[in-house]
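Please dock the two separately framed chains into a single complex, following the hints provided.
Each protein sequence line maps, in turn, to chains A and B.
Throughout the first sequence, residue numbering follows our numbering, covering 1 to 122 in sequence.
Throughout the second sequence, residue numbering follows our numbering, covering 1 to 253 in sequence.
Mixed in with the good hints there might be a few duds.
[Claimed, not checked] 20 Å max Cα-Cα, derived EDC-like pairs, lysine to aspartate or glutamate:
| id | chain 1 | residue 1 | chain 2 | residue 2 |
| --- | --- | --- | --- | --- |
| 1 | A | K52 | A | E69 |
| 2 | B | K118 | A | E117 |
| 3 | B | K118 | B | D107 |
| 4 | B | K193 | A | E79 |
| 5 | A | K52 | B | E177 |
| 6 | B | K193 | A | D46 |
| 7 | B | K118 | B | D238 |
| 8 | B | K118 | B | E3 |
| 9 | B | K193 | B | E77 |
| 10 | A | K52 | B | E61 |
| 11 | B | K57 | A | D56 |
| 12 | B | K57 | B | D174 |
| 13 | B | K87 | A | E79 |
| 14 | A | K52 | B | D174 |
| 15 | B | K193 | A | E69 |
| 16 | B | K118 | B | D231 |
| 17 | B | K118 | A | E120 |
I should point out that these hints are in silico values taken from the structure, not numbers from a laboratory.
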Amino acid sequence: MSENLEAETRRTPTAAKLVPYFVLAGLTVVGFVLAYGIFLSTVAADYYALTKAARDGAEAGSAALGQLELLKSAPAWLEPLKFVGLVSLLAGIGLSLYSIVTTLRVRGRVMAATLAEVLEGK
Amino acid sequence: MKELEGPKLGLYDRMLTGMARTMWAPLLVMGVLVVIISFFIGLSASNAASAYFANSKLVREAAEVGSQIVINKVYFETVFAWLPTFKFLGMALIFSGITMLLATILDALRRTGYSVQKSLNVNIVIPKKPWTGHLFPPVMMMGLMVLIATFIIGLVLAGVTGSYWNHVIATQLDVAEAGSTLLAQLATITAIKAWLTPLLFAGVALLLAGIGLALDTIRRTLKSQAVRLVDVVHELRDGVVVDHDKLSGRRPA
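In isolation and in its complexed conformation, chain B is listed as follows (with noise of 0.2 Å):
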């Protein structure tokens, strides 16, 4: 189907157009790809768990290092450390695509409003881009970055929690004395913790912030829209007539 034309737009707001128009199936495909993957992945850590409970209190706090116990419980203390961050990482992408979808709502609203304009022969008024408008893109990358940020984040703080729990529990976490590299480890695992939760939440926080602020930008435009509608009642009434062909030295289809 042929596009409708539209008014000329500034570079930034070409630029942001274009990129949610080739954008938003692929970061929901992403987003799905990644969710599902996450799932999988935590099976994968939950059998490694449940192996590693399998033994008493006793065998798994004395396992050695290299031993299968110890191995299961790296394996799945790394993967508890990285694995929600992957998670809001997938509905980051999923978020954004839904507000990129929403962005191209809004273009397509925008060129309607153009070509009925032009097709009616009146003045063609763009009405300015309400602030939600302005606001939206930026909020939601700031949320996409955010979660960005936190996987990067997690990824560094399973490599401090594998190094960690390298070790036998009995023998040295434990017994491991103050000011030590391993309480040092752990400080540092508990405290990340700590904050990383919220901001994964933050960033999530944000990205609904600019769906939000997207769909208030689409009511805006179509009430817009609704209220240029009356105007040019007013204006046919007046008798005011607009030759865009004319104008643009066209010959008229």
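Bound-form chain A, shown alone (with noise of 0.2 Å):
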């Protein structure tokens, strides 16, 4: 068996270094929007607490106004995020899959390379 070998048999492949990045990363963005969805909902519980003739009858530059743009607004960036944060820990899990194919390559030279030694042995 060669030292070559041997030496890759102890390394890390590249894409398992990865994975908690692409793990922590996702948790991240989704922990981020369950923050600002908490804020979100304090602005909905405060714009709905006013009566629906106070809701329609917002002038322009109202605090009330403000409180419905962003209300109205945010879920258009807000959606497609959490899903950003899905995908980084799918890739994650993706990169686990390809980095077990890696070590079962790795693991299958190994075996060929030393079982006819080890039975020999034995």
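As structure tokens, this is what we get:
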């Protein structure tokens, strides 16, 4: 069995080194979306505590219209951002699976190189 | 097929392994059933919504409490309040089943490593559990607990939603005064919906993180087994042989 193969056996594949970063990035993004959602819920609670007449009659520049603007516009970027977080986690899973493939290939080469010697030794 | 012998595990690991082996299949099946049932409930709610919106705006907003129009409205609004949380609960059960299946794979790898070393009569080396192996079960459990909690919150939200919409729109809901129970219910409904959906995704994110960590644990286990095989060759070259049967006092097969 070559020294290169022994060294390769002990090395961690690059894809495996990236997995924690993708998982952490995904959790951070989803955590941010949750925190922003909690902030939006306070805005929604304030806005919908107004009567319908007050909400419908709100003038340009008023606090109520500002709240409505936020409530209607935030989902447009918040929704895709949630999926960005999930995609980052799925990318981490994909990289994990790829690094399993790489490790299995190295393991296969190690078994091919060593089993004959092991069985001879037995 | 007879199971391979494995190393002695601590109580916590024995519990986790036992739970994973028995629970992965029921969780997967339950998850699939929940998602399928959600689809049919969604279909029935959509029929109610369709019947409701078939009426003109004037008729809908003037419909009296107890009329079929208001009953339809209450039905589909309450279903739309709890159904997404029920669907995500189904996804949680499926992802938890997948994570437990990965834990079962890890157990099989551990037993294989132990049995192969024993059969080769070499020192049995069980590598230390990696940090990913310690972390993935609690992360998976957190994700599952979050989605169970969101389902319960969804049921509570459905109760508030049903209570709110069981009124005449034109003469009660639209003219509700500031500080009234109706406006407080509307504020509660919209506020809860604002953070409930992100919380659903946070639960799914935790479950996916658990799966990622479990897969990384499998990769580390495969790597450590390859490294051990290299070390075994060196041990055999150096003439290190261990008679496990003699050590344990058993007669060889």
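Hints, verified against the model:
Under the criterion of a C-alpha separation no larger than 20 Å, the hint pairing K52(A) with E69(A) is consistent with the structure, at around 16 Å. Note on K118(B) and E117(A): the hinted pairing holds, with a Cα-Cα distance of about 17 Å set against a maximum of 20 Å. Among the hinted pairs, K118(B) with D107(B) is consistent with the structure: their alpha-carbon atoms are about 17 Å apart, no more than 20 Å. With a C-alpha separation of about 13 Å, the suggested pairing of K193(B) with E79(A) holds against the 20 Å cut-off.
Distance hint between K52(A) and E177(B) is fulfilled; the C-alpha atoms sit about 9 Å from each other, no more than 20 Å. Taken as a hint, the K193(B) and D46(A) pair is honoured in the structure, with Cα atoms around 14 Å apart against an allowance of 20 Å. Under the criterion of a C-alpha separation no larger than 20 Å, the hint pairing K118(B) with D238(B) is consistent with the structure, at around 18 Å. Between K118(B) and E3(B) the alpha-carbon distance is near 15 Å, which keeps this suggested pair within the 20 Å criterion.
Taking the CA atoms of K193(B) and E77(B), the gap is about 13 Å. The hint holds against a cut of 20 Å. Simply put, K52(A) and E61(B) have alpha-carbon atoms about 14 Å apart, close enough for the 20 Å limit, and the pair holds. Proximity of K57(B) to D56(A) is assessed by CA-CA distance (about 17 Å); at most 20 Å being required, the pair is judged to hold. Between K57(B) and D174(B) the alpha-carbon distance is near 13 Å, which keeps this suggested pair within the 20 Å criterion.
Of the pairs offered as hints, the one joining K87(B) and E79(A) holds, with about 18 Å between alpha carbons and a cut-off of 20 Å not exceeded. At roughly 6 Å between alpha-carbon atoms, K52(A) and D174(B) fall within 20 Å of each other, so this suggested pair holds. Proposed proximity of K193(B) and E69(A) is supported: the alpha carbons are some 17 Å apart, at most 20 Å. Annotation: proposed proximity of K118(B) to D231(B) holds, straight-line Cα distance about 14 Å (limit 20 Å).
Note on K118(B) and E120(A): the hinted pairing holds, with a Cα-Cα distance of about 17 Å set against a maximum of 20 Å.
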